[in-house]
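Enquirer: Spelled out from the first residue to the last, the chains are:
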Amino acid sequence: MDFTLSAEQLMIKDSVTRFAAEPPKGDPWSTFAELGWLALGAPEDLGGFGGPLETMILMEAFGKGLVTAPYLAQVVLAGSILRLAARTDLLEALVDGNARFAVAYEEPHARHDPSRVATIAMRQGDGYALGGSKVRVLGASSASTLIVSARLDTHDGEIGLFAVPLDAPGVEIHGLASEDGHDVAAIQLDNVRISSNGLIALAGLAIVEHALDIATAALCAEAVGIMTVLHDVTLDYLKNRTQFGVAIGSFQALQHRMAEMFTELELARSMSFVAAMTVAGEADPRERARAISGAKVQIARSGRFVGQNAIQLHGAIGMTEEYKIGHYFKRMTTLERLLGDSDYHLGRYIASQRVPRRTPVNA
Amino acid sequence: MDLAFTPEERAFRDDVRHFIAAKLPGDVRAKVQAGESLEKDDFARWHTVLYAHGWAAPNWPIPYGGPGWTAVQRHIFSEELAYGWAPRLPPFGLVMVAPIIMEFGNDAQRERYLPTILSGEEWWCQGYSEPGAGSDLAALDTRAERDGDHYIVNGTKTWITFAQYADWIFVLVRTNPQAKKQEGISFILVDMKTPGVTVRPIVTIDGGKEINEVIFENARVPIENRVGDEGAGWTYAKFLLEHERTGTAGVARCRQQLVQLKERLASDGISDDRFLDRMALVEIELDALAYTELRTLAAESAGKRPGPESSILKIKGTQIQQALTELALDAAGPYADQLAANAYFNYRKTSIYAGSNEIQKTIIAKRILKL
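Protein sequence lines, in the order shown, are assigned to chains A and B. In this text, residue positions in the first sequence follow this note's numbering: the first is 1, and each later residue adds one. In this text, residue positions in the second sequence follow this note's numbering: the first is 1, and each later residue adds one.
Just to be clear, a hint being listed does not mean it is correct.
[Stated by the list, open to error] To be clear about the criterion: a stretch of chain A counts as covered by chain B if any three or more of its residues have a C-beta under 8 angstroms from a C-beta of chain B, and this derived list gives those stretches:
{"no.": "1", "region": "1 to 10"}
{"no.": "2", "region": "256 to 266"}
{"no.": "3", "region": "339 to 351"}
[What the hints assert, rightly or not] Output of the computed footprint for chain B on chain A, the stretches with three or more beta carbons under 8 angstroms from beta carbons of chain B:
{"no.": "4", "region": "127 to 137"}
{"no.": "5", "region": "293 to 299"}
By construction, these hints were calculated from the structure, which means they are not laboratory data. Because the structure is a prediction, the values reported are computed rather than measured. Every residue, glycine too, gets a C-beta built ideally from N, C-alpha and C.
Excised from the complex, chain A in its bound form (with noise of 0.2 angstroms):
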C-alpha cells in the first residue's frame, strides 16, 4: 500500500502544474505532444508511457488551472477506445497529433447510457451508412474525426464502432452554448458512408464502457483538482475578509461549515485515487463498474457541497463574473452531470452488486 508518487510521476507533475499556471495562448496541442502527454496511456512501441495515475496526476493540474483543451475527451477517452480496439494506426495517428477524435456515444433520450443507442449502421456494399443524432460530443469542433457509436443491421444488432471524418458528406456540427467554455456539440448523420476500414469495432459496446470508466477516473482528478481550489481560496478568504471588526474565519459556523468542505475534499481526493488505481489494475467489468461509479457518486456530491458553500462562504463577491471562484464552480457543476450524472452512477453502482443471471453452461 503506498500512496505516494514514482519520480517520474512528481517530474509529470511539476511539467503540467507549470503548464496549469500559464497555459498558452490559442490550442495547445502541440505543446501536448511536444511535452509527450498525447502519448499518455498508449503502447510503448507507438512512443507511449504511463497509464491512469499519470493520466490522473495530468488531470487534476488542468482541474487547478481551469484548462479547457479537450484532453479528457480527444486523448483520455478517444485514445483509450482506440487502444482497447487494438487500432493502432488511428492511435498512431493521434499520438503524433496528426489526427484529433471525438466520440459520439451519447444520444438524445439516452440518459447518459450508452447502451441506448438509435443511430443505425446499415451494412452498404462493402461498407455502411449511418444515420442518427448525438449529442454532448466534446471536443468536436477541433477533431478531425468522430469516433460514432451506431447500432448495425446485422449481427442482432450489435453496437459498432465507426470513424468518420467530420468533413465527410451527412456530417452536420451544431456547436453548442456551454457554461464552462468548453467545446461541445451535438451530431447529426445523415446517411454518412464509410468504407469498410472505418469499422473500428464490431462489439463496440464493451470498449465504450471500459474507454467510459477510464475517463470517468480522469473527470474525477480533475474535479479533486477543482475542488482543491474552491476550498483553498476559500480558506483564504476566511482568513483575510474582515467583518465585525475580526476575520469571519473565527466565526465557528463558518468554521465548521469549512471543516466539512476540508473532509468532502479528503473522501473525494480518495475516491479519485482509487479510480485511477481501479482502470490503471485489471479489475474485471463488474468491479470497475462498482468502483468508478461509487468514486463518481462521491465527488460529485463532494464537488457540489465544496462548489456551493465556496460561493456560500464568500458572500456576494462569489457570485460575480470577475471573480475565479464562481468559474470553478460553473466547471464543477458540468462535471457533475458528465458522463453520467449521478442518479445513472448510483443505479450502476447498485447493478454492479447485483447476482448476475446464471448463463447456461452451453450458451
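For this one, chain A is given, so just place chain B on it according to the hints.
Expert: Coordinates of chain B only, in the frame set by chain A:
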C-alpha cells in the same frame, strides 16, 4: 502508488482469520453477530485467549509484551476481529491508560499496572467527564487536595463506561485551583475499592447499562498513584485523546452491518428502489472513508504520528455507523425488532463520545486549517 497489501501482510491476515475462527468462543461470536450486549465474562474469556497467544495488546511495543506490529498489521487485525464477529476488547486499560503509563509513568507504575492490564486480570475505566465539564473538559472541578502522602479526592465523574466492572479508574483531577484551568490538572490512578468511591449506574435510552456515575467523597489516594508531574495531566489527556480517535472509523464493522442489512433485505423480500438508493449512498461514503483511512495508515507507516486528520475518520465514521443503524431500523419497521431499535438509539452516542463531532470540526478548523 499501489493499493494492494504485500504478500506478507496477506499471509498475516490469513493467520489472524484462522486464529479467530478457531479460538473465539462460539457463544460470544453469536452474541456479537446478533448485536446483543456482552457481559464482563464474555470479554474476559476472549481476552484470556488473546493473551495466551500474545495478541491482547496490538498497540503495545514488544518490551511491554505487545506483538510489536506495524500500523498496517494492527489495521488488519482490527478488521479481522470485525469480520470474525469478535468483540473489541474494552479500550480503557489496553489502549487508553497503558500508553500514558508507558510514556509518562515511572518504572514502579509500569511494573505494577501494565502486566495485569495485559493479562486482563484488572479492569480499568476512564474518569474524565463531569456533570459540569463535557466538551469543555478542562473546566473539571473534581478536587484532589494534598494531605501528607495522600490526595483527598472529592467530586463526581460521569458517563463512565464499564465502571461497574472496573478495578481501577484513571482520573483527571484539579490539584491546583489557582492555576490557569489547563495547568492545574493532574492524572491519578484510583483503586475502585477505595473507601469513598461509589458507582451509580445510568440507564441509557436503549435500556443499556454501560455507563455510570462515579462519586468521590473524601477518597484517600496515595500521591505515588499520580502519573507524571503534578499539573501536567492535561497534556497527558490530550495525548490519549489522539490515541482514542484512531480506529474510530470502524469501517470493517460497518461492512459487517451492511452484509447483515443486505441479508435482511433478501430474506424479507425488500427491493424498494428508494431504500436501495439510500443504502448505496451510505455504502459509497463508506468506501470513500475506507480509502481515506488507508491513506492515513500509509502516512502512519511512513513514520507520521496520527494527527488531527483522524478527526475526519471520527466524524465520517460515526455518521456512517449511525446511518446504518437507521437503515436497519427502517428495514425492520416499528415494533418489529427491538435489537434494531436499540442499536439505533445506542448509536446516537457515537457522535457525542470521544470528543463530539462538533469538537472534531473545531479541531480540524483550528489545527489543520489554522482558522
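Enquirer: Hints first: check each against the structure and report whether it holds.
Expert: Now for the hints, and whether the structure bears them out:
{"no.": "1", "hint": "1 to 10", "verdict": "holds (count 7)"}
{"no.": "2", "hint": "256 to 266", "verdict": "holds (count 7)"}
{"no.": "3", "hint": "339 to 351", "verdict": "holds (count 3)"}
{"no.": "4", "hint": "127 to 137", "verdict": "violated (count 0)"}
{"no.": "5", "hint": "293 to 299", "verdict": "holds (count 3)"}
Hint compliance for this structure: hint 4 alone is broken.
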